[in-house]
Amino acid sequence: MSEQLHFSELWPHWPELLAGLWVTIQLTVMATLGGLAIGIFGAAIRSGRATWYSRIWGGYVEIIRNTPFVVQLFFIVFGLPNMGLKMTAGEAALLAMVVNLGAYSTEIIRAGIQVTPKGQWEAGRVLGLTRLQTFIRVVLPPSLQRIYPALVSQCIIVMLGSSVVSQVSYEELTFAANLIQSRTFLSFEVYLVTTGIYLVLSITLRQLMMAAGRKWLGVQA
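Reminder that position 131 of the sequence shown reads as 131 in my numbering, one-by-one numbering, no gaps.
Quick caveat, the hints were computed from the structure, so don't treat them as lab data. As the structure is a prediction and not an experimental result, all values here were calculated from the model. Every residue, glycine too, gets a C-beta built ideally from N, C-alpha and C. Do not take every clue at face value.
What follows is a list of derived Cβ distance ranges for each label pair [what the hints assert, rightly or not]:
#1 Pro117 to Gln167: 42 to 50 Å
#2 Gln120 to Leu192: 25 to 33 Å
#3 Ile157 to Glu91: 20 to 28 Å
#4 Met210 to Ala111: 15 to 23 Å
#5 Trp14 to Gly128: 17 to 25 Å
#6 Thr204 to Phe78: 48 to 56 Å
Using the sequences and the hints given, assemble the complete structure.
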């Protein structure tokens, strides 16, 4: 017997999918901005002389890179309240994504900084720039240019990982898909459509970020 597909029955549920998609997009944008800011700050610390705070930051990076994202999320949602730090599911989801991306982007950006010729640091000093000014104006732009594709890929991985936050009842795209499936029992249709949405979102995000990189950093296509 052949199984009939009923994609038309999903039409009444499109507002829920679109609402979940919008939440995913918001999470992704905020997590990307926050995570990259943390990554740049952390890379600056980790690229300098070995100090106690660079070791602490290194510990944070190792913990995040060697533990599952879902465990990090559950720790924030269920563990932190025991320490008096209560937050909503949305705040916890965003914090988990920012912390996760911050750790990975720290190491990606640091890799770009490490291959920067020492002559660029010396050129900054000759021009009378402080170490911070040299880092921001001279060292960071070409470093980001070198590792930008890897950074974009990591941002997309974090966006796709946002589907995990449905486990804490945050109403993003995967949560909406699970809810629709539980009501309609159209598992194949619901998850095929959701897969297509994630695919389009990933491709769009990559194209937008690469276009921004070409415009602001001179990244080659």
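Tested hints:
Evaluation of the 42 to 50 Å hint for Pro117 and Gln167 yields a pass: the beta carbon distance comes to about 46 Å. For the hinted restraint 25 to 33 Å between Gln120 and Leu192, the CB-CB distance of approximately 50 Å leaves it violated. For the pair Ile157 and Glu91, the beta carbons lie near 22 Å from each other, so the given range of 20 to 28 Å is met. The hinted range of 15 to 23 Å is satisfied by Met210 and Ala111, whose Cβ atoms lie roughly 19 Å apart.
As the Cβ distance of Trp14 to Gly128 is approximately 59 Å, the hint placing it in 17 to 25 Å is violated. For the pair Thr204 and Phe78, the beta carbons lie near 33 Å from each other, so the given range of 48 to 56 Å is not met.
Checked against the numbered hints given earlier, this structure breaks hints 2, 5, 6; the rest are met.
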